[in-house]
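**Student:** Modelling step: build the complete structure from the supplied sequences, incorporating the hints.
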Amino acid sequence: MKGKSTFLAILAVCFIGQAGLQQGVIYDKWTKNYSTKNSAQGIAPGLDPTQLMLAVAGFREMIAGILWVRADSFFDTGNYDAVLPMIRLVTWLDPHQIDVYSTGMWHIAYNFTDEESRSDRRYVPQALALGEEGTVNNPDTYELFFETGWIWYHKIDDDYEKAVDWFVKAHDKKDILRARRNLLRMAYYRAGRIEDALKLEFDLVDEANKIMEGKDASSAFSDNTLRDTRENNLDTDLVRLASRGYFAKERKDGSFERLPYDVKPPFDVGFSAKVTVESSAVMLIEGTWNVLPVGTRVRVILRDAEDENDPERKTKPAAMIWDYVKGVDLAVPTKLTFMQDQLYVRSRRFKKRIDMSRDYTMYPFAAEKYYIEFYYNPRSAPAHMQDKFGYTGEGFTDKNFLNTEVRPGERVMFTRLEITRDQIKREGNFRPGMETPILKTANYIEQTSADRQNEDLILVPGLRSDAKTPEAPKPADNTLRPIRKP
Amino acid sequence: MRVIWSLAATTIGEAIRRRVLLIILFIGVFLTMIAPALTVLSARQEMTVLKSFMLGMVQITGAVIAIVLTVYMIPNEVERRTIYTILSKPVQRWQFLVGKFMGAILALGLMMALMAVVVVILFIYRQSGITSESLALVKGIMMFYVQMCLLAAVGVFFSTFVSPIVNFFLTGGLFLVGSVFNPFMQTMTENKELPPVLLMLFKTLNVAIPNFANYNVQNPIINPGQVIQNEQHYFIAVTGYGLLYIGILLVGAILIFDRREV
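Residue numbers (the numbering used here), protein chains in the order written: chain A, 3 to 488; chain B, 76 to 337.
It is worth saying that the hints were derived from the structure and are not from the lab.
Any given hint could turn out to be false.
As the list claims (entries may be wrong) - With a Cα cut of at most 30 Å, we get these calculated DSS-like pairs of lysine-lysine:
(1) A:176 <-> B:214
(2) A:176 <-> A:201
(3) A:171 <-> A:266
(4) B:164 <-> A:34
(5) A:201 <-> A:254
(6) B:267 <-> A:34
(7) A:34 <-> A:176
(8) A:427 <-> A:371
(9) A:390 <-> A:318
(10) A:318 <-> A:337
(11) A:157 <-> A:353
(12) A:217 <-> A:254
(13) A:328 <-> A:171
(14) A:31 <-> B:214
(15) A:371 <-> A:318
(16) A:164 <-> A:175
(17) A:328 <-> B:278
(18) A:175 <-> B:214
(19) A:371 <-> A:328
(20) A:217 <-> A:31
(21) A:176 <-> A:31
(22) A:401 <-> A:318
(23) B:278 <-> A:31
(24) A:175 <-> A:34
(25) A:6 <-> B:164
(26) A:157 <-> A:354
(27) A:31 <-> B:267
(28) B:278 <-> A:34
(29) A:401 <-> A:266
(30) A:328 <-> B:267
(31) A:157 <-> A:6
(32) A:31 <-> A:171
**Tutor:** Printed below as a string of structure tokens:
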């Protein structure tokens with residue numbers, strides 16, 4: 003054959019050229035932009051051969067879309083357990099479907115509930131891990147950064163620095179919706195970062211003014227509303243900061259000590275609690291919270307004294323650490339018991355029956371010892387409560403349970419009772435008919451019959467001049483009074 | 076060049092007259108046209124399923140056409156003895172092969188262009204207008220076209236020395252392997268427990284096997300929220316890769332075909 007050496011030379015050049023392109027350029031770019039980014043899990047684990055064939059034949063996203071619709075139907079029929087593998091499959095097949103990640107996080111963190119609609123908190127770390135994976139796979143859009151921040155801000159409602167971190171990342175993305183930028187301000191306040199919150203608020207107002215430049219308010223309705231909202235937020239926050247004495251304290255000129263700011267003197271909330279185990283895994287929680295206005299929710303947690311899923315095996319007061327799960331593994335720790343609820347205060351008392359007896363998978367009670375923790379953080383309080391308690395609890399105290407250590411930099415109410423498995427399950431010496439387990443804080447005082455008559459009375463601040471607030475039982479001298487029109 | 080073009084033109088004519096190819100094309104176009112009906116299955120995922128199904132149909136139809144078109148190419152010429160007439164003229168064997176290949180990819184191009192037109196029209200109809208998303212679909216189909224040209228080259232290469240049935244399975248099998256090789260490679264490289272010898276073997280295979288997964292760029296088209304830096308560079312690189320690999324396969328086919336007694 004004539005020119006055989008030429009063909010061989012072309013062959014060699016082509017081979018070297020394609021090898022160089024494949025290994026040096028294409029593979030890296032493909033891995034970065036087009037892969038599922040979950041290859042450590044395999045190409046598509048959990049798919050049957052037909053689905054796998056379709057997936058590799060170019061129908062990956064279609065299979066993902068149809069599976070996700072199937073997940074929706076499972077959710078609609080209450081088959082929540084079937085939703086989890088679907089979420090995982092879909093995110094493997096199509097890791098760029100933002101909706102699957104965000105809805106999946108919501109399902110996991112909020113929708114797995116017990117008979118009394120308490121969500122299964124054991125899934126919160128999994129929801130965070132899913133959100134984090136979503137941000138890695140979709141780094142160009144704000145959405146999953148925001149959604150992950152939302153879980154910290156709203157669902158966990160405790161470690162606000164984490165919420166700030168995620169919201170800041172969401173802010174850095176160009177596509178963030180304007181209205182959603184306001185939430186970072188709230189997270190800053192709750193994290194106690196007042197300076198950062200104010201700077202952001204001024205920036206947001208400047209931005210809104212710039213958007214409105216040269217526009218007529220009547221024709222640019224939404225832009226004008228945005229500016230009004232941001233200005234109103236800023237004004238309100240400045241007034242609050244001033245009335246709570248924040249600026250006076252920052253001045254350090256003695257004016258805070260001298261003048262009667264709202265947060266002075268610290269108010270004693272007078273917390274006390276009693277837990278009666280009425281029957282197996284059914285607790286009646288009663289107690290006092292000496293604060294008159296409505297809006298108090300004292301957090302109660304029942305959990306294993308030692309959490310085997312906690313890598314450091316330390317006891318974290320009121321469950322501070324939630325992001326210990328590395329990588330998405332949607333299998334929930336089946337031996338762990340973690341109940342969290344809110345105690346709503348009415349007439350300065352709370353009374354709530356918590357039934358964990360019907361949901362064995364959610365409350366397995368596999369450990370020998372448990373903690374019942376009571377926790378109140380003024381940073382999570384509504385604004386009208388914070389007007390008295392301040393941003394970090396400076397206007398807040400509890401002569402028995404004030405704690406400045408479990409949340410560094412904050413003054414919170416925290417106390418813990420210990421309970422055994424036999425007590426909570428009414429077994430051993432606590433079988434029905436034998437001793438009833440009762441745990442209480444040392445300061446708990448039994449109610450009188452007169453107190454019980456007022457038990458269900460809700461004291462709501464009245465705005466009418468002739469509105470009368472009924473006398474509350476045994477008010478302490480420094481009880482927070484409802485604000486009434488003079 | 077005139078010789079190659081004459082052969083290519085003849086091949087295009089043959090391809091258009093072949094009923095089996097037309098039936099495959101018709102099925103592909105028909106399934107693409109019913110794609111909007113599938114969206115009733117998908118509620119919120121409407122556009123995702125629609126785009127994925129349409130692109131998937133274009134790809135799979137293109138692959139079947141590319142394979143069926145090329146596996147019979149040389150054997151048919153030999154069986155019908157038309158090859159003797161051609162090679163007895165001043166036509167060199169390499170020109171014959173290149174001409175047949177050019178004809179095959181041009182015919183393939185015509186058929187894929189028809190599917191692309193159907194896809195874009197349906198998408199514009201669903202979207203009620205021309206959007207950047209409908210143009211992005213064309214981008215994806217163009218990448219599939221390069222992929223199918225590479226697949227056709229594989230078919231031509233094997234057709235010089237194996238029977239059509241064996242060729243069908245060899246080419247189809249290589250397409251499947253090549254379509255999963257990138258994810259497979261990624262799995263291997265991220266496995267910290269993999270012995271270095273095996274890793275080296277996979278890296279060698281990664282540069283030796285025609286990598287069809289490189290052209291599956293539909294995910295960012297289906298999920299437009301994803302931003303890719305220097306996408307054009309990637310497209311140029313994979314097109315270059317395709318041309319070089321087609322070069323390897325054609326030269327290999329020429330060298331084999333040259334030794335064959337025809």
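**Student:** Against the structure, test the hints numbered earlier, and report the numbers of the ones violated in rising order.
**Tutor:** Hints 3, 4, 12, 20 and 31 are the ones this structure does not satisfy, whereas the remaining hints hold.
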